[in-house]
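There are 2 protein chains.
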Amino acid sequence: MKTRIIAGCCMLPLLLVIYFGGWVLWAFDLVIGIMAVYEFYRGFREMDIKPSLPIGIGGAVLLYALNLVACGGRLGDELDYKWLIVWFFACVIVSLLYLFRIEERKLEDGMVTLTGLFYCVFFSFHITLIDQMTDYSILIWLVFITAFGTDVCAYFAGVTLGKHKLCPKISPKKSIEGSVGGILGSTVLSIVFACIFAEELLVHCIVIGVLGGVISQFGDLTASIFKRKMGIKDYGKLIPGHGGIMDRFDSVLFTGPMVFYYILLVLE
Amino acid sequence: MKTRIIAGCCMLPLLLVIYFGGWVLWAFDLVIGIMAVYEFYRGFREMDIKPSLPIGIGGAVLLYALNLVACGGRLGDELDYKWLIVWFFACVIVSLLYLFRIEERKLEDGMVTLTGLFYCVFFSFHITLIDQMTDYSILIWLVFITAFGTDVCAYFAGVTLGKHKLCPKISPKKSIEGSVGGILGSTVLSIVFACIFAEELLVHCIVIGVLGGVISQFGDLTASIFKRKMGIKDYGKLIPGHGGIMDRFDSVLFTGPMVFYYILLVLE
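So the protein sequences, as listed, match chains X and Z.
So that you can map any letter, position 175 of the first sequence is 217 in the working numbering, and since no number is skipped, the others follow by simple counting.
So that you can map any letter, position 133 of the second sequence is 175 in the working numbering, and since no number is skipped, the others follow by simple counting.
Keep in mind that the hints were calculated from the coordinates and are not lab data.
Idealized CB from N, CA, C, for every residue including glycine.
Any given hint could turn out to be false.
Label-pair distances were calculated between CB atoms; the ranges are [as the list claims (entries may be wrong)]:
{"hint": "1", "chain 1": "Z", "residue 1": "Phe198", "chain 2": "X", "residue 2": "Gly273", "range": "47 to 55 angstroms"}
{"hint": "2", "chain 1": "X", "residue 1": "Trp65", "chain 2": "Z", "residue 2": "Phe198", "range": "55 to 63 angstroms"}
{"hint": "3", "chain 1": "Z", "residue 1": "Leu56", "chain 2": "X", "residue 2": "Val252", "range": "25 to 33 angstroms"}
{"hint": "4", "chain 1": "X", "residue 1": "Lys205", "chain 2": "Z", "residue 2": "Arg143", "range": "19 to 27 angstroms"}
{"hint": "5", "chain 1": "X", "residue 1": "Met53", "chain 2": "Z", "residue 2": "Trp65", "range": "48 to 56 angstroms"}
{"hint": "6", "chain 1": "Z", "residue 1": "Val111", "chain 2": "X", "residue 2": "Tyr61", "range": "17 to 25 angstroms"}
Using the sequences plus the hints, can you model the full thing?
Below is the structure:
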């Protein structure tokens, strides 16, 4: 409990990263993507599946490099999505070619390589994409407010009120009361954010708050499923009491795309 | 041998489909994508991996539907790539959510679902994308000329001259002589095509011919790797002497994207 709070404070530099945006956020996001895919691949060791870390890291670097090319080196401009398609294709092809050493490699090795590129690298990349949506980049805060807000509120609501199990097979400690508390907390925090920083977007912030409360729990549960199947408790030991990057950012992996597609499809 | 030639003639309707393009090609390509993903998923039965066919087919239908939305129902217009990103994200998310029935499903079930969506559906979709590139849609012919040209020329060169094995572990019958013959055949056929139909693109056709000769063999070998690991000889029995759609179109899955990205990155 105490370690959790202390470690939570270690996340404060994140505030600065989001505040500055641009190059700082771009570089931070790239590092998160690489660490996430590294932890994800490592988790499969126990299952005797060997994804390619060079492809994972190379894919992350290529994605962020293409992003620079696409906006002509000036971060903050809108992305030309053409490059993303090229990146997608490259990831699939390289993961398939990885199987060509047919005697050394299982099909799973290639498929986990591919899944990691999309689940860890592509999903976390949406944070950079939001930062580059000039008109609405302020909403990037909601990625983290909904993810961490849900997490903290669900934890306290669950500890104090939790009675009915949510999905004992995936995550035995979670309760329905905690889940509802998480969604409420995410919504209230998003409203507070809107009232102070983005009053004209209040309605959208409420919707994002509710969606974020739900979706961040799906992100959490998805990470739990992988960990259960891998037979590990945590992805890593990077942050004391919080596990690895993937343990801390599992919800952000889902709320990032949610905010991005909300802006792309509803607001733009 | 005789069956092969007869079955080859069954492919003639394909000429009409490419000639008409537009809606005809769009619908044909969708059907190919669905059949390919169906055969691909079925191949994993022997490995006791159960990907989700509803997600595979639903993903294919969604992709082609989004394509219609993106060009406002008027096929032939250029695509707004934004929709492709949304589709990519949707595929990853749904494949992950498929794992939520944690007791019934293995991680492999979700990962094969995802791989099939990208390898079978997304790759074959590039044919429709080329058809929609108004200025260069004529080059769609090279997708098939290089794929089938390589296949046929490699076969005859291999039968008559083949001595040195190409990659016995993946595909024991292939020879280096056949492989070179395939590349030469693909190049010559592409030159003939350019001289008759697209003289102003002759240089590009030569490059595409060489690349197509190489890449279509990678497509062929990729399909062989999957079949070997799955423990099957053919993906299906649809076309007599030619196996299933995936056996016949394995090279097209690779030459389609090659031609598309060549146009996108070099010609446009």
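Results for each hint:
1. Here the CB-CB span from Phe198 of chain Z to Gly273 of chain X is close to 52 angstroms, well matched to the stated 47 to 55 angstroms.
2. The supplied range of 55 to 63 angstroms is met by Trp65 of chain X and Phe198 of chain Z, whose beta-carbon atoms lie about 57 angstroms from each other.
3. Leu56 of chain Z and Val252 of chain X have their C-beta atoms about 50 angstroms apart, which leaves the hinted 25 to 33 angstroms range violated.
4. Take Lys205 of chain X and Arg143 of chain Z: their Cβ atoms lie about 24 angstroms apart, and the range 19 to 27 angstroms holds.
5. Checked against the hint of 48 to 56 angstroms, the C-beta distance between Met53 of chain X and Trp65 of chain Z comes to roughly 53 angstroms, which is consistent with it.
6. Val111 of chain Z and Tyr61 of chain X have their C-beta atoms about 37 angstroms apart, which leaves the hinted 17 to 25 angstroms range violated.
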